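Whole structure, please, built from the sequences with the hints as guidance.
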Amino acid sequence: MNLPRRCLFALSAALVLSVPGWAAADERPLTVLTWGGDFTRAQQVAYATPFTEATGYPVRLVDVDSPTALIKAQVASGNVTADLASVGQADADRLCAEGLAEPIDPAILAPGADGTPAAQDFLPGGLDDCFVATDVYSTVIGYDATRVGAHRPDKLADFFDLDAFPGRRGVLKEPRFTLEMALMGDGVPPDRVYAELSTPQGLDRAFARLDSIRDQIVWWEAGAQPVQLLADGEVAMTMAYNGRLFAARFDEGRPFAILWDGQVYEIEGWMIPRGAPDVSAALEFVAFSTAPRPLARAAEQLSYGPPRVSAQALVGRYKDGVTELAPHLPTAPENLRSALAVDAGFWTDHDAELTERFTTWLAGD
Amino acid sequence: MATPLDPHAAIVTHAAGQGAAAEARPNAQGVLLTTADGQPLARALTRSRRRARRQAFLLVLPLLAFVLITFVVPIGQMLQRSAKNPGFSDNMPQVSAWFDENPRGAVPDEAAFAALAADMAAAAEARTVGIVGTRINYELPGTRSLFTSTGRKVARGIEPPHREALLEMDPRWADEELWTAMRNASTPYTSSFYLAALDRTRDSAGDVARVPENRQVYVMLFQRTLWLSLLITGLTFVLGFPVAHLLATLPMRRSNLLMILVLLPFWTSLLVRTTAWIVLLQQQGVVNDALVWLGLIGEQGRLQMIYNQTGTIIAMTHILLPFMILPLYSVMRTINPSYVRAARSLGATSWTAFRRIYFPQTLPGLGAGALLVFILAVGYYITPALVGGSSGQLISNMIAMHMTETLNWSMAAALAALLLAGVLILYWLYDRLVGIDNLKLG
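For the record, the sequence lines run as chains U and V. Going by our numbering, the first sequence opens with residue 58, and the numbers climb by one from there. Going by our numbering, the second sequence opens with residue 44, and the numbers climb by one from there.
If you are wondering where the hints come from, they were derived from the structure by calculation, not from laboratory data. On a predicted model such as this, the values are computed, not experimentally measured, just so you know. Just so it is clear, CB atoms sit at the ideal spot from N, CA and C, and this is done for glycine as well. Hints are not guaranteed to be accurate.
[Stated by the list, open to error] Output of the computed footprint for chain V on chain U, the stretches with three or more beta carbons under 8 Å from beta carbons of chain V:
| id | region |
| --- | --- |
| 1 | 121-130 |
| 2 | 151-157 |
| 3 | 267-278 |
| 4 | 281-292 |
| 5 | 399-410 |
[To be verified] Just some of the chain U residues that point at chain V, by a computed CB distance under 7 Å:
| id | residue |
| --- | --- |
| 6 | 358 |
| 7 | 413 |
| 8 | 414 |
| 9 | 417 |
| 10 | 419 |
| 11 | 420 |
The structure is reproduced here in structure tokens:
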């Protein structure tokens, strides 16, 4: 999902800045910032095309790598061209608190398929002052089922067990997700992870866990890398985004399997930049796209979980027409059993500090 | 850099110097020279020169405006952020005023807490309390949520005594460190981002102190960036010099063919070249497979050549090599081979002839190439991010992180300013040692 991320930041900025120029000639489409690749394709199929059919309002999805930085720049310069953006919950929280986002009233949202009000139908954290969730993506452990031998890893601790499962490990080169998994791999239950990470001892414990596999780690940064590392046989197991592993398995037929124990998921969704050119159309699009059926439709394209309870039941088959998606979603009940939701508040407070510490630790070879 | 390199600028100043001299000196015969229409020659000359200069300036004007608008102004604004961040002082005016009136070390009294409560209520109302929290979070990690949560509570109403009321909302408000952080942020202009970029901070007494050892990262990354850039510059020289020499001395037809080999990777996407190195160097990669097949290493002893500093050096040297070869080549082509032949015929050994005659003539190209490669290497970050592993992170990766993830643009600006200052110092040293006039960019 964040494949080219930083390297294409400048390019995407240029793209977005160029939007109003030509759009002014025709009717101005609703401009939506999103992440690119399969993610954009899924949103096109599930939200944008049906929305245009229903309302006649054109929608333009623009791929960017860092919507938050772009929105901050646009609002600061008073030249906002984006009507809507897909961001993580933590970023939405931060932009909202800094007054860079328009508030979204949950009353505009469609009720659940069974009539439940939206506020009760969304997962915890799925609705915020300026945020409405669209999907749940997850960082999980992936491995090549043909390479691990007779017995398969069945718990997160196996990722850190080099004796039982020899071979190198792909690890995300960021403190987020990595420190959480290190603690859960050390036996900390999910509900204690952030309490533990807030103490110096807990942090030391997380780093000590990483230290124990350190010489076997291959670091990755872009979302496409871990899948490639697995395919090349460079690593025996790797942290990866669930959507990537799913696509590699069902689109390319790779024998990859997912270990859902200790998955760390984050909610993504819509936020409207403050001073967006067409706030009312953006709100209309938010309400339209977060109804249960479009959310289920998007999940069928991508295997990212729908953030509404009632949408979960509507998810059918993957676009190949054979695979039942429900068990492959991060939000499937059996996958959620030992899952951890990323704590947005913790990371806005500690992001810089822990990145500094993480980088120092990385350099301490 | 443009002015000393611009040959026209040199000509204009040169001509202007001559003109002034000519005007000052009376004619040898004491007769005033005039043009055909009876104007004094000196004045006519001055006028035409001034016209030429004006035309030249008008021709340059679009470029100048372009550079000013798209380069100088935005970069200036960005750098200004490194020393100016009014996030706290703008939104918390009463607390900032209290800090002005009370010296450092003063214990926050009821007036301070009352000011804090009033400011928080106003900031929560204006939805700016997040900006304040973010600003303080830069100084003291972990405090952003303290501001947002207290802001929500204060907005619901707060009764005096404010000190007790705030402490009841969160006991951290009594924290001395927190008040130090707020004091440090209470002026729009601040040195704290530069201090942080040098792994330093200001303690409660106002003295500069080092941050805890497990967070000292920036100085180390600056050093690593400079060291790797110098190393890569050296490597491109060692590898590029013979190639450039070969290109310059071969007959045109064959050298053109070789030139294409140099330029082809130059035109290929950076990401493609970086990925190609991954395919070659990884443990299950082409090179390791070949070594195993040849029996030079065992299946267990596959070499770790990528996802570490070695990988970064190899990939960056390859990617930056053309920037060294091309200026060297353009200079070498113009070197007259008869000088070396003359030296040889006068008894110099081939080494002496190379060292004393040939090499000094390549210096302008070498200087330009080295400068290009070094400056590009200092700012590189895609390649280190992809192949650098744990030891290949450079300072530009941290700048990118602060730009796009933590959104701490002041910190990014401070790091970038320090990097820029470092490059300028090296440039100045370079000018001292080699001389910038000796530069030939191709």
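To see whether the hints hold, each was checked on the structure:
1. 121-130: holds (count 5)
2. 151-157: This one holds; 5 residues, not fewer than the three required, reach chain V with a Cβ under 8 Å.
3. 267-278: Our answer is that it holds, as 4 residues pass the Cβ test (under 8 Å) against chain V, meeting three.
4. 281-292: holds (count 4)
5. 399-410: holds (count 7)
6. 358: Violated. Min distance 26 Å.
7. 413: holds, 5 Å
8. 414: holds, 5 Å
9. 417: Holds, because the Cβ-Cβ distance from residue 417 of chain U to chain V comes to roughly 5 Å (cut-off 7 Å).
10. 419: Holds - the Cβ of residue 419 of chain U comes within 7 Å of chain V, reaching about 4 Å at its closest.
11. 420: Since the shortest Cβ distance to chain V is 6 Å, the answer is holds.
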